[in-house]
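Engineer: Please model the complete structure; the sequences and the hints are all you need to start from.
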Amino acid sequence: GAMAPGKKITARIKRTLPVRGPQAPTLSELMRWYCLNTNTHGCRRIVVSRGRLRRFIWILLTLSAVGLILWQCAELLLNYYSASVSVTVQFQKLPFPAVTICNINPYKYSSMKDYLSELDKETKKALETFYGFSEGKSKVRRSVDEWNSTGSDFFKQIPLLKFEDFSKTATDLHSGQKRKIEGSVFHKDSSIVNSGDSNDIIGFQLCDADNSSDCALYTFSSGVNAIQEWYKLHYMNIMAQIPLETKEQASYSADDLLLTCFFDGLSCDKRHFTRFHHPLHGNCYTFNSGENGTVLSTSTGGSEYGLQVVLYIDEADYNPFLVTSTGAKIIVHDQDEYPFIEDIGTEIETAAATSIGMHFTRSRKLSKPYSDCTETGADIPVENLYNKSYSLQICLHSCFQKAMVNSCGCAQYAQPLPPGAEYCNYKKNPNWMYCYYRLHEKFVKEQLGCQQICKDACSFKEWALTTSIAQWPSAVSEDWMLRVLSWDKGQKLNKKLNKTDLANLMVFYEDLNERFISENPANTLVILLSNFGGQLGLWMSCSVVCVIEIVEVFFIDSLSIVLRRRWQKAKKWWNDRKRQRSGKPPQAADLERQGHDNPVCLDEDLPTFNTALRLPLPQGSPLPRTPPPNYSTLRLESAFSEQLPDTLEPGRH
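Positions in the sequence shown are counted from 1; adding 6 to them yields my numbering.
Check the hints yourself; a few may be wrong.
To be verified - So the derived label-pair ranges between C-beta atoms look like this:
(1) 286 with 465: 55 to 63 Å
(2) 38 with 549: 47 to 55 Å
(3) 540 with 448: 47 to 55 Å
(4) 577 with 549: 36 to 44 Å
(5) 281 with 139: 54 to 62 Å
(6) 365 with 475: 42 to 50 Å
(7) 522 with 428: 26 to 34 Å
(8) 221 with 475: 39 to 47 Å
(9) 88 with 259: 53 to 61 Å
(10) 372 with 321: 46 to 54 Å
(11) 268 with 97: 20 to 28 Å
Derived from the structure by calculation, the hints contain no laboratory data.
Cβ atoms here follow ideal geometry from the backbone N, Cα and C, with glycine treated the same way.
Structural biologist: Below you can see the structure in the form of structure tokens.
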């Protein structure tokens, strides 16, 4: 059972080594050892420099270098998730977008007159009362059915009011009496220019049906705006009660709206258009909707190769109070995108040729963690009510409609119905208008949380439009063109068309350059590590091994020294307490614990250089010396007593 030499040494050290801490006995000695042995030059200079000033300068320089490294590395980490934008332009055959066209007037006035007779009568009365003019004694047709009584008490509830001054005294349109109006004032018209003549202020009051003292007053600096807003409010209320089929029949058919059609130099007709019913714009028609699975494309730019249509507007059948402009509205969009014609539609004027040139751009943003966009909208807690691909607009409208159903118990007429809900109308929901205005006010002020929940889509297509207008038809061609178009229109019209009833529209690609804007990560892990290395090398001539060394010395070793000190103090205190209780005097062995009692030395590792240096010398033994050389080994004759025969000089045999 002979012991290996290494184990012998370890066993001997454990017996004789008094332990004052792991490896280095104190923090200051550990730091000194580190500074003398590390590759970071600044630390070494702190220890070996002579003179306080020089040492202070090196301390300052080293701390500055450490500060700069930490700052630069923090900047690198913060900018890690940054993206660089690249723009690619390529020339190719482009898919033609969907083009949705609506008449600005949603329904033929002649078809809707029966439903709107009460409202129109009330509006004409307002014009007569407030502005002193009437449209002659033309009889307003009255319907025999329930529509006769739809509005009467409703108009009494929400009459138009004319304010005499800012003391909230108003003339009630319905009764003609003056009364005091209570409630917080909301100026719907944000017109900065105000004549200062308070007599011009017209508005209406909305009160909470459950709490009549809680009212909101909506005032307008322009009578036109006041009458239109008030009309629209009652109009939505009436339209919500009319079945969809009735409204579709009362709106414009494809034959009514479209007179001529050309695409890519070839003739097209109503079969190329898909109808969809918009609550505010009636029947709209989408060219190239992609509904049958095919999307048309164009291989040449220029107005000759786009979409050309002549639209029949029929101004004579417009609702005089609902819309005040004449023409059509169009929107260019992707086949999967919902056409928000009320928000971003382009208006086309009559008796003019409108050319709309397009530039196509596809954009792609990086999703989390680079930006706060969404790929499909699936991660957003708002139900998509539009049955089209996700967009920020769809999310905001869906979010508001959901809030409307939750707060007011019914859905707003201008947006799609959530499942299980129905549109608001005064008969079923007498409080809906007050609730809607209050809710919309919160929505605009971003208090509903919709703007916080909804995010941009990461990828989207965009058609930048350039619009130009020319007079059409020209004075010299007007006569024959209108005659031919009237003939084409057929038996439906017994009169020659008027040019103010027509609008010419051209939608085309100005060029076939597709611009693709994409975001790419500006940094990768390799670049980040290289930048870290550059900073460490520049300021401290340090590497990854050096960083590991810092972690080992400053965290692991320092912590173990501190814990060792605490443990020894606690142990000493406990032993002293035990002795005090038992009354034994302190023993010499207890004052200095030996190595074999030390838990740190339980491993079989060989001692480090530092611990080996601290081995105590044996008591009373002389200092070890190098033994003197044995000079007798230098005497060669005694080593070789007899010379070998072959080394003898010749002739001495």
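Engineer: Decide, hint by hint, whether the structure agrees.
Structural biologist: Verification of the supplied hints:
A C-beta distance of roughly 29 Å is found between residue 286 and residue 465, which places it outside the suggested range of 55 to 63 Å. A hinted range of 47 to 55 Å is violated for the C-beta pair residue 38 and residue 549, which are about 22 Å apart. Hint check: residue 540 to residue 448, Cβ distance near 52 Å, so the stated range 47 to 55 Å holds. Checked against the hint of 36 to 44 Å, the pair residue 577 and residue 549 passes, with Cβ atoms roughly 40 Å apart.
Separation of residue 281 from residue 139 is about 40 Å and departs from the stated range, judged on CB atoms against 54 to 62 Å. For the pair residue 365 and residue 475, the supplied restraint of 42 to 50 Å is violated, since their beta-carbon distance comes to about 19 Å. Our hint of 26 to 34 Å for residue 522 and residue 428 is violated, since their Cβ atoms are close to 44 Å apart. For the pair residue 221 and residue 475, the beta carbons lie near 46 Å from each other, so the given range of 39 to 47 Å is met.
Checking the proposed 53 to 61 Å range against residue 88 and residue 259 shows it holds: the Cβ atoms sit about 54 Å from each other. Distance hint check for residue 372 and residue 321: the Cβ-Cβ separation is about 50 Å, which falls inside the suggested range of 46 to 54 Å. For residue 268 and residue 97, the hinted distance range of 20 to 28 Å is satisfied, since their beta carbons lie about 24 Å from each other.
Comparing the model with each numbered hint stated earlier shows that hints 1, 2, 5, 6 and 7 do not hold.
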